[in-house]
Each structure stands twice: as structure tokens, then as C-alpha cells.
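Student: Listed below, chain by chain, are the residues.
Number of protein chains: 2
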Amino acid sequence: MLSKNKQKFILSLNRKKIREQNELFVAEGHKLVSDLLSSKCLTSIIIGTSQWLDANKALIPGNCEVIESKHDEIKKVSALKSPPDVIAVFKQQKVELDIKQLNDQLCIFLDEVQDPGNLGTIVRLADWFGIKTIICSSNCADIYNPKTIQSTMGAISRVNVHYSDSSDFLSSYSQLGLPVYGTFLDGDNLYNKELSSKGLIIMGNEGKGISKEVEQFINQRLYIPPFPANEPTSESLNVSVATAITCAEFRRQNN
Amino acid sequence: MLSKNKQKFILSLNRKKIREQNELFVAEGHKLVSDLLSSKCLTSIIIGTSQWLDANKALIPGNCEVIESKHDEIKKVSALKSPPDVIAVFKQQKVELDIKQLNDQLCIFLDEVQDPGNLGTIVRLADWFGIKTIICSSNCADIYNPKTIQSTMGAISRVNVHYSDSSDFLSSYSQLGLPVYGTFLDGDNLYNKELSSKGLIIMGNEGKGISKEVEQFINQRLYIPPFPANEPTSESLNVSVATAITCAEFRRQNN
Chain A
1 MLSKNKQKFI LSLNRKKIRE QNELFVAEGH KLVSDLLSSK CLTSIIIGTS QWLDANKALI
61 PGNCEVIESK HDEIKKVSAL KSPPDVIAVF KQQKVELDIK QLNDQLCIFL DEVQDPGNLG
121 TIVRLADWFG IKTIICSSNC ADIYNPKTIQ STMGAISRVN VHYSDSSDFL SSYSQLGLPV
181 YGTFLDGDNL YNKELSSKGL IIMGNEGKGI SKEVEQFINQ RLYIPPFPAN EPTSESLNVS
241 VATAITCAEF RRQNN
Chain B
1001 MLSKNKQKFI LSLNRKKIRE QNELFVAEGH KLVSDLLSSK CLTSIIIGTS QWLDANKALI
1061 PGNCEVIESK HDEIKKVSAL KSPPDVIAVF KQQKVELDIK QLNDQLCIFL DEVQDPGNLG
1121 TIVRLADWFG IKTIICSSNC ADIYNPKTIQ STMGAISRVN VHYSDSSDFL SSYSQLGLPV
1181 YGTFLDGDNL YNKELSSKGL IIMGNEGKGI SKEVEQFINQ RLYIPPFPAN EPTSESLNVS
1241 VATAITCAEF RRQNN
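These protein sequence lines are chains A and B, in that order.
The letter at position 157 of the first sequence is residue 157 when you use this note's numbering, and the numbering goes up by one with no holes.
Every position in the second sequence, counted from 1, becomes a number in this note's numbering once 1000 is added.
I should point out that these hints are in silico values taken from the structure, not numbers from a laboratory.
Since we're looking at a predicted model, the values are computed, not measured.
Every residue gets a Cβ at the ideal spot worked out from N, C-alpha and C, and that includes glycine.
Do not rely on the hints blindly, as some may be mistaken.
Calculated pairs, SDA-like style, for lysine to any residue (alpha carbon to alpha carbon, straight line, at most 25 Å) [stated by the list, open to error]: (1) 1075(B) with 116(A); (2) 1081(B) with 117(A); (3) 1147(B) with 1022(B); (4) 40(A) with 1226(B); (5) 208(A) with 188(A); (6) 1132(B) with 189(A); (7) 1198(B) with 231(A); (8) 70(A) with 95(A); (9) 31(A) with 95(A); (10) 1040(B) with 1085(B); (11) 1031(B) with 233(A); (12) 31(A) with 1226(B); (13) 1016(B) with 1078(B); (14) 81(A) with 142(A); (15) 147(A) with 231(A); (16) 4(A) with 44(A); (17) 1016(B) with 79(A); (18) 75(A) with 1208(B); (19) 91(A) with 1232(B); (20) 208(A) with 1158(B); (21) 1075(B) with 115(A); (22) 193(A) with 1228(B); (23) 1094(B) with 1052(B); (24) 1208(B) with 130(A); (25) 31(A) with 1205(B); (26) 1016(B) with 80(A); (27) 81(A) with 1236(B); (28) 17(A) with 165(A); (29) 208(A) with 1085(B); (30) 1070(B) with 1052(B); (31) 193(A) with 212(A).
If we take Cβ atoms under 7 Å as the criterion, some of the chain A residues that face chain B in the derived model are [said to hold, decoys possible]: (32) 125; (33) 228; (34) 248.
Put together the whole structure using the sequences plus the hints.
Tutor: Here you go:
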């Protein structure tokens, strides 16, 4: 039975400030919760139907609070259209960013990506393409926003997401001597470039693209060519779509 | 000045039933509205600030209702966080689908894509990749949903979107003798296939993928390979991301 107080607490975690104070976040639904339970994430509370709890005994760690609930109780704290069989609260992961360890990886830097859904979708596709580290500028959407967590579809358990001041991070990263890529409308055709298996791919804000502050660190300007060339078309692509096409081409070339 | 009645009417267009009865849809913001005003779309109402109306005189057709409004009035009918300078109501476009005309094109068929944002993002990327026709199964999201329209970022003025019963459309399409592609977890590596410049790319529902009913029409099964192969990763990609990667590869090969 889910108490009124507990309901209030779960719902309060919709607010970034409360999430940060408690260092917690909420995940909903079997797929996402079971992925997180099987990961290194620490679990704080599991609210599940008796059927779900019975069927997933092996996944439930010993030291967390388990609350058996009916669907109509779960509905009260759920953000989904149809209430799921399980909602869980996890501890936020604080992994120190060691820039030196990025020297043999392909990583993504996000410059003010503001839509929580875009951020979650990018984490999910980074996972697909074996990109283990995403660095977000401080003004990006919050990775622990419920919409972001749901859009990752569990990929958040396999990809490390860090927040950093853009200039601080990029100045340090530059010292690795690796290519720093960004997509621009006046860049070089992505398909005519030899793309490295290591380096940084920078993607910009939904409306404004890559900021001047960040642009100065980019030494490889890329462009996703429209088809056919030189016909009227959309001015740009959605940022998660552009990230996907770019990452896919990096991996195609280096497979 | 925006009357109470007009406000009510604009807001009522959030509902699919009312949109269909009136054959109208709403678009917000300078970029989207000006793209639609410059297209073949017929305009019914323009609600703009005096500054916007002054600056965009040349775009405003003679036979539509023009309402000069203040930002705080526009706010009352806007779905956006910060109210835009202009909101407009357009006539829904009803273009007859002539299947024979698809025989020299690359087209997309969407099988129950339900998220309005995904649908809009797919229209936008189709425009980028020169795909002029999208056919949606009857149970897809509504192209005229305000979220869909906003996500197209104006591409809706350049891409024709049709709705059809899946079997009806696909049976007729099959008679063209063109390749019908679909993405599956057991398909052939996208990058090892010779992809045609004409044919149909089928993308499936966010949770369930491509339905059995639709699958029987597919004669080319594709797969977007994760990187590296055979390591634990996400089960799938977001549908708009998967569509983007697939379309990009078709166009890369045929450029």
C-alpha cells in the first residue's frame, strides 16, 4: 500500500531541485526498471504490483524499500498514459570524469541540448553505437528528468553522462590532441571525410546550433548533405536525428 | 483583438475531431507560419502582433482573416512555452494518392507510429532526404496534431502525407514491382546491401515494431548494426532515429 506521504515524495521528484537534494530519480515500467536493477545503479524504492514483484524476485536487491501496490495506486504517481506494473526510485550516479581516460574513445559533447526527450534519445543511440561517455554543458536538460530517463529506454544504465562547464571541459579535452568534430551548414560532406574512431562529436542546441564559445574548440567541421543537393528543403535536422546519422557514419567507417 | 469566441475556436482545434470537421490545423511561430504561407497551403486565419504583421505584409494572402493581437492574447491560444509573434490556421491539404506516380520515387510507409513528435520529426527528415511522399497506416498519429505540425518545422509544406488502410495500400503498391524494405533485428546489415533509389521504406510502431499484417509485404529485410557487434546494448533505436539512419544510407549510396 502506497501511503499519501510516499506518493507526495515520488511526485516531488518531478522537480529537479528535489531530485538533486535527495540525489534520486524515478524510472517507470518493466523494461526500464529491470535494466536499471540489473545495472550498477543503487535502488532506493520499488513500487510494484504483487504479480510484478513475484515474477521479478531475483532482481530485487535486499537493502531497498519494496512497496506492493495496486495499479490504481501506481497510477497516482505515474507520468505514463497507462500506469505501469512497476515504478522505482534510484540513486543518481556520480561518476568522476577522468578526461585522460577519454583518449581511446569516441565521445559526444552536447552544447545546450534543452529538450529532455532529445537528450534521452541521444543517450539511447549512443549506447547503440558503443559510445560510453556523453558530456553535457551545464545548461543542457537534466539527465534525471523523468522524460529523459524514459526516453533512454534503459540505456542510461550503460552510458555515463557528465555535466561540465563547456570551456573548462573543452580546454582540457583539447590537450588530448584528438579530433573535435561539429556539424555545421558550411561543413565538409560527412561522407567525404575520413572519420576517426577516437575523438569528440559536438552537437548543438535545438534552435541556435553550436555556440561561439564551443565552436572555437572544433577542428573538424562536418555537414550532413541533403538529397538532392541544392533543392529547397528543411533548414536543419532535429538534433537527435543529426547525432544519429553522424554516429552511424563514424561507426560504418570504422567497423 | 482576439475575441473570446475566436480563442475558444482556436483551442478547440487541439482536438482531432474538431480539426477534421473543420478541415483546419494550427501552426505557431514565425518560421513555421512563414514556410506555410509561402507554400500551397490555404490560410484561414492569421493572428499576429502588429510588428509581425507589418514585417510580413508580403506573405499575407488577401482572402484570409487577419487578427492583430498582443502577446498576452496570443499566449491564451498558444501551446508553446513563450508565446510566438504569430499563430495561423490553415486548411488541411487533401492530395489524392496516385500509387502509379510512386514508381520512380523513394517513399516511406509508417505502420502505427503513434508519437506525434516522432511523426513530425520523420516528416522533417524525409524533406531533408528528398522523400516527397509518406503513407501512414490509419492508426498512426495525426499529421495535423499541433505537436506533429511543430516538429515538422515547416517540412509539412513540402512533403505529402497520406493515410491509408495498410493492406489496401501495400497490396496496390506491391504491383509496382519495386523493393519494399523494412528494418528488423534479424535483417541484413544495411551497409552490406545495395539499396535502390526507388521503393518503399517501412518503419514500425515505437513499442511493437512492424506488424505481421504489414511484414508480409516486405521483400528486403534490413538491420542497423550496433557497434561493436555482440556487446550488450539497447534493444532498439527510437523510430525517428532509425528512419534517419536508414534514409541517410539510401541517399549516400545513390548520390
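Student: What hints, given by number in increasing order, does this structure fail?
Tutor: Structure breaks hints 8, 15 and 23.
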